[in-house]
Amino acid sequence: MDSRMRPAALLHMRGWSKGGKGVALIFDCMVACVIIIAGLAAYSSVATHKPPGPDEGLGKYATDVLTFLDSNGCLARLIEGRDSLALRKTIGELLPEGANYCLCVYSPYWELEWSFSSQGFDWRNAAASSPYLVFSESKPEPYMVTLSISK
Amino acid sequence: MDQAFEAAIAFAIFVAAFSVSQYTAVAVYESSMNRLSEPRLEAAACIVASEILLQNGNSSEKWSSWEPVYETGYYFSPASGVGVAIRATCYSLDPSGVVTILWTKQGPSQEPLGRYAQKYVDGVILEDGTFVRVEAYASDIF
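So the sequences go chain by chain: A and B. Sequential numbering of the first sequence, starting at 0, is according to numbering that gives the first Met the number 0. Sequential numbering of the second sequence, starting at 0, is according to numbering that gives the first Met the number 0.
To be clear, the hints were calculated from the coordinates, so they are not data collected in a lab. Where hints are given, some of them may not hold.
Residues on chain B that point at chain A, a partial pick, calculated with CB under 8 Å [unchecked claim]:
no.	residue
1	Glu5
2	Val19
3	Ser20
4	Ala24
5	Asp121
For lysine to aspartate or glutamate, the following DMTMM-like pairs were computed, each having C-alpha atoms within a straight-line distance of at most 20 Å [said to hold, decoys possible]:
no.	chain 1	residue 1	chain 2	residue 2
6	B	Lys104	A	Glu96
7	A	Lys59	B	Glu41
8	A	Lys59	B	Glu60
9	A	Lys150	B	Glu37
Simulated DEER-style distance windows between Cβ atoms [to be verified]:
no.	chain 1	residue 1	chain 2	residue 2	range
10	A	Leu132	B	Ser63	27 to 37 Å
11	A	Glu96	B	Leu101	32 to 42 Å
12	A	Asn124	B	Glu29	38 to 48 Å
13	A	Asp121	B	Ile12	32 to 42 Å
14	B	Asp93	A	Ile36	55 to 65 Å
15	B	Val19	A	Leu132	35 to 45 Å
16	A	Glu136	B	Ser79	12 to 22 Å
17	B	Tyr22	A	Pro130	19 to 29 Å
18	A	Gln118	B	Trp65	29 to 39 Å
Even glycine gets a Cβ: it sits at the ideal position worked out from N, Cα and C.
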């Protein structure tokens with residue numbers, strides 16, 4: 000027996016169809032369509048999959064933002080005051096529309112002292128600034144600050 | 000009668016599934032083409048933003064007289080058929096950390112060029128302590 004006719008033959012035996020040709024057509028069409036759609040889905044996931052990569056330009060821009068914030072000692076004051084609300088507002092103003100960020104403050108020994116990030120920040124497609132040294136008057140050791148921006 | 004009815008159902012199912020598969024194929028093709036053109040457009044946006052920064056440097060005077068003009072061939076834009084939009088924003092920062100926008104210049108298109116436009120962002124600190132952010136958008140013009 001032809002394997003293509005098996006579903007129709009089975010249905011015929013169960014009494015679902017007298018002729019069985021129409022049912023076989025339905026099954027053939029359904030199977031063909033499922034195969035086409037599965038193939039297209041597999042192709043689309045393989046051919047167009049591109050892991051989101053960091054944008055090098057954004058990393059440089061993050062360093063520029065830190066440099067600007069540090070230009071009049073403002074960054075050190077905001078970090079020492081642990082004023083995340085003011086920092087959020089300041090950084091949010093300077094970043095382009097739709098960008099999310101994460102600010103990390105480390106000790107000189109790379110111990111994380113505190114950090115905060117905006118909603119929607121994604122490490123997988125984030126670009127980070129170079130570690131930026133921030134000196135303050137009240138503390139002999141500098142802070143190391145990184146600003147990461149994700150699109 | 001039964002067979003005619005079954006054939007009609009089969010045809011209807013086939014047409015529906017065929018439409019879905021065609022729609023999926025077109026969407027996949029469009030997505031692939033967009034992914035292919037992303038790096039090219041991003042490079043165009045990067046070139047335009049970098050050229051603007053090179054032309055004006057950190058001179059406040061140059062930036063205040065600068066206008067975001069764009070014509071084909073004005074910058075080292077890689078190809079014709081690429082539309083560019085430029086937006087530059089100048090910020091000042093007071094010691095308490097409050098950021099103020101001094102000016103915004105945008106052109107030649109007032110809107111970024113659609114959802115497939117690629118963006119490049121760069122910044123420069125000027126000699127008077129203000130900061131300029133330059134955003135360049137590039138998109139294919141059909």
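Against the structure, the hints come out as follows:
Because the smallest distance between the Cβ of B:Glu5 and any Cβ of chain A comes to about 2 Å, under 8 Å, the interface hint for this residue holds. Look at B:Val19: its Cβ gets to within about 7 Å of chain A, closer than 8 Å, so that hint holds up. Interface hint at B:Ser20: satisfied, since its Cβ lies 5 Å from the closest Cβ of chain A, which is below the 8 Å cut-off. The interface hint given for B:Ala24 is met, as the beta carbon of that residue sits about 6 Å from the closest beta carbon of chain A, less than 8 Å.
With its C-beta approaching chain A no nearer than about 6 Å, B:Asp121 sits inside the 8 Å limit, and its interface hint holds. Distance check on the hinted pair: B:Lys104 and A:Glu96 sit about 15 Å apart at the alpha-carbon level, within 20 Å; holds. A C-alpha spacing of about 16 Å is found between A:Lys59 and B:Glu41, which places the hinted pair at or below 20 Å, so the restraint holds. This hinted pair does not check out: A:Lys59 and B:Glu60 have alpha carbons roughly 24 Å apart, beyond 20 Å.
Taking the CA atoms of A:Lys150 and B:Glu37, the gap is about 14 Å. The hint holds against a cut of 20 Å. Taking 27 to 37 Å as the suggested C-beta distance range, the pair A:Leu132 and B:Ser63 conforms, at roughly 32 Å. Taking the beta carbon of each, A:Glu96 and B:Leu101 are about 18 Å apart, not inside 32 to 42 Å as hinted. Under the hint 38 to 48 Å, the C-beta atoms of A:Asn124 and B:Glu29, about 22 Å apart, miss the expected range.
One distance hint, 32 to 42 Å for the beta-carbon pair A:Asp121 and B:Ile12, holds here, with the actual separation near 41 Å. Taking 55 to 65 Å as the suggested C-beta distance range, the pair B:Asp93 and A:Ile36 conforms, at roughly 59 Å. The hinted window of 35 to 45 Å between B:Val19 and A:Leu132 is violated, with their beta carbons roughly 57 Å apart. Range check, A:Glu136 to B:Ser79: Cβ separation about 56 Å, and the 12 to 22 Å hint is violated.
Checked against the hint of 19 to 29 Å, the pair B:Tyr22 and A:Pro130 fails, with Cβ atoms roughly 49 Å apart. As the Cβ distance of A:Gln118 to B:Trp65 is approximately 35 Å, the hint placing it in 29 to 39 Å holds.
In summary, the numbered hints that this structure violates are 8, 11, 12, 15, 16, 17.
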